[in-house]
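Protein chains in written order, with our numbering: chain A, 1211 to 1514; chain B, 22 to 375; chain C, 3 to 179.
Just so you know, these hints were derived from the structure itself, not from any lab.
Sample of chain B residues lacking proximity to chain C, with all beta carbon distances greater than 12 Å (derived): (1) Ala-54; (2) Thr-102; (3) Val-157; (4) Pro-189; (5) Val-247.
Calculated lysine to any residue pairs in the SDA-like style (CA-CA distance at most 25 Å, straight line): (6) B/Lys-317 with A/Ile-1356; (7) B/Lys-361 with A/Ser-1444; (8) B/Lys-317 with C/His-102; (9) B/Lys-364 with A/Asp-1452; (10) B/Lys-213 with C/Glu-52; (11) B/Lys-364 with A/Gly-1386; (12) A/Lys-1449 with B/His-346; (13) C/Lys-68 with A/Met-1223; (14) B/Lys-213 with A/Asn-1353; (15) C/Lys-68 with B/Pro-201; (16) B/Lys-317 with A/Asp-1365; (17) A/Lys-1449 with B/Arg-358; (18) B/Lys-313 with A/Asn-1353; (19) B/Lys-364 with A/Ser-1478; (20) B/Lys-361 with A/Arg-1511; (21) B/Lys-129 with B/Ser-170; (22) B/Lys-361 with A/Arg-1382; (23) A/Lys-1449 with A/Gly-1386; (24) B/Lys-364 with A/Ser-1477; (25) B/Lys-213 with A/Ser-1231; (26) C/Lys-68 with B/Ile-200; (27) C/Lys-112 with C/Ala-14; (28) C/Lys-68 with B/Asp-199; (29) A/Lys-1508 with C/Asp-129; (30) B/Lys-313 with A/Ile-1356; (31) B/Lys-364 with A/Tyr-1374; (32) B/Lys-361 with A/Gln-1372; (33) B/Lys-283 with B/Pro-211; (34) C/Lys-68 with B/Thr-102; (35) B/Lys-343 with A/Glu-1470; (36) B/Lys-343 with A/Pro-1472; (37) B/Lys-361 with A/Ser-1478; (38) B/Lys-317 with C/Asp-100.
Since the structure is predicted, the reported quantities are computational estimates derived from the model, not experimental observations.
Each residue gets a CB set at the ideal place from its N, CA and C atoms; glycine is no exception.
Each chain, written out:
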Amino acid sequence: MSLKTLTKPWEAMAYGFLDGSAKREIRRKMIKAIAVPGCQMPYASREVPMARGWGTGGLQVSLTLVNPTMRVKVIDQGADDSVNAASIRRFIARVAGAPTTMDTLDADLIQSRHRIPEEILRDDQVLVLQVPNPEPLRPVQPNMSIARQMHADADYGRMWLQLYEQIVRSGRVMQGASYPSLVHGRHVMTPSPIPRWDVPKLNMAQHLTILSAGREKRIFAVPPYTRVEPLVFSDVPYKVEDHAGLTCHRSGTRGFFMNEIPQEDGSSAFEVSDSEWGVKAIRRRDGEEVALGETWYKNGRMPS
Amino acid sequence: MAYVATRGGERAIEQSQRLFCAEMGDITPDRIAEIRAAMPYLIDRIMGEASLYDEDLAALALAQTGGELYEAVLLLRAWRTTQPRISVAEPVTQDALFTHRRISAAFKDIPGGQVLGPTLDYAHRILATTVLDGQVSTPDPVTPAKMASPPRQPSVSAWQAENGLLSPATSDHLTGNDIPDVTREPLLFPAKRAHTLQSLARAETGGVLALGYAAQRGYGQAHPTVNELRLAEAEIVVTHPRGTRFSAGRVKVSQAEVVSKKGSQLELGFSATMGWNEVKVIAAATLDLNSKGAPKGSATEEEFFLYHTEGVESSGFCIHFKLPHYVTFQSSLDAMRDAKARKAAPEKSPEPAE
Amino acid sequence: MSVHPVPSDFEARCNAAFEAVMWAMARPGLVRDLPTTGMAQLVEALIDRECAVYCAEPGLAELAEKTGALAVAPDRADHVFVDDIPDRLLTQLNCGTDLHPDDGATLIAKADFSNGPQLRLTGPGIDGHVVVSVGGLAHDFWQHRRRALRYPMGFEILLVDGARVLGIPRSTIVEVL
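Only chain A is shown next, with the shape it has when bound in the complex (with noise of 0.2 Å):
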């Protein structure tokens, strides 16, 4: 044996940026985070080129699953053109001469942070939600030892006492993104800062959703055909935004997740927050031919 075998051909950059043993350690977890859904699988989570907080986590799964032929999606906040998710997605393309596509119906792959797009993912589809805190039970219990505990015993008590007294105070739950739910009927799972429109798509979904928070060091998983249920009482039902009467001023699409654009004479006008979703209903509106998918909801409403 001598130094070189133990050492790799020098390369500027390993494939996919992370080296063979970050992207072992991380599939070793993904494989763990899918079959306990929503249980918070801790892993090393290396500092890439990015700094913590701006989608580390979720760049990690990426690079780990990426190939030359994986064609990548990135959104932020909805929109394929945010700053950061320009950055992430010329990063993935950079380090793996991934394919890059706007159309969540050509993606393979799309890391996305705080939204789902509007059109169904079908069962060969990963959707990698980028996390910033992990754990649903910060808000009842900021020390990480004790929420493990907590998880460990299914005590989720606190949990539904905060929610209760929202109830008694505000009229309503006052959880606004990030809505705790309950996975496989056994782990409370943040489902990441999407909106509540946003979680039912989670519920017996197709697609494969991996959530992976880098700095906070969290992988965990929602597999497809997996009860996603928002932590609801029986006689207060969960309620999503209310969003479906509102119309795009751009496109003209309508009952989609919207931006609020306050206006100079106090009013308020509305964009569908899904922007690729927008790009393609002005295209077909203009009259190109633009294949657009199924949707999850259907007149602003979601079918149970």
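Given the structure of chain A, go ahead and fit chains B and C onto it with the hints provided.
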């Protein structure tokens, strides 16, 4: 297609980066050499926080980021990620350190003597403004001592242990690859001792100082006495696959032992890091001293201070708030408006219509 | 970018093998194609010096050792590679703890998908139920598995038949028809 016309993300980020770099001009080998020579303590600080000992790379990281320290450390850590691990060096023991500076506040004198070494501790902090008028500030020559101080000394805690004042640290006998590595496995609590010491060694100096200072001011139970503070060089001894032991070179290291009285014994807090960084090791050793039995959620609890002094994670998360959050914000607005509407119309049932 | 990075053969094989394993776990009961035959590709894709491994087959054990993994007995292994599953193995496998279900082991074993008893699978990843035929395992294998698992504690099973893989995560309920 008005919508598409606004999609300028790619170009915008490219140009903003250029704008940042334009201010710094060319990065030349000379500039790297100058940074390395002129700012050894800054280099030391970021090498410690990056867990990567290479002065040239550290100088390059400073040049590339214009001295934005968090960015420089991140650059080095990201580079470190890509490097193969060829070998694990032999453990460095305290009594084998080639010592430049070693002082104790616990005793007037210690075996081996108080060795001041290089320090600004007793300098009058006066700016040499004459340099700005065109004069060169040349350091006064150092006069060698009549007798060289002994280069290698055991730690003060070793003497205390011999005298029954404290229980010596026990070894877990782990060597080589078996030593837990916090950059290859997640930090879990209660933390492995190796993980604690490694995390403190790569913690952000300012963060460690803030929490260590809080502990020193009274938010910790134990009041530290600096048993020993040492700046030294450590030999990196590795074994060639053919079996030859050899030194791959020396690295600068700092270590601090702090002690506090606990019953009839002294309790020891310890910290060491790569590079010379006194503030960091004293503050970190103070946190280590205070962590045993600290209440959950207090600043001296291990989970609290290890998470919150991680510079790359904390700075990254802090600046991530610059990213658009309008989806989350929209979701909260919706809940707020709905709650407000309910208050305005209290006769309505509190149940949502849906 | 002018030059597109290209994965080495090794890299491409690991990537494809893991993709098959990932989907096998995500869709229990649906057989996936591996890039090549045998278990060596799974050692390559998953195992390194952070792992503690038991390999029954000497050639595979040698490969695992080269990765730097620790060779251990089945009860201490995080990955167990066997052709035939010895008696009592399922009672020895590491199931993790309630605090760390992720410590549960992964068992990789040989099986025969062309004939064998029919299994009815339900659970996450399965649209209703799925029926799959798996031979080459002891008749009481699935019974032992059921007794060993205490969800969320448990272990994963990857069954390999030539260049095909079937995943049975701990969340899957298996009934022998």
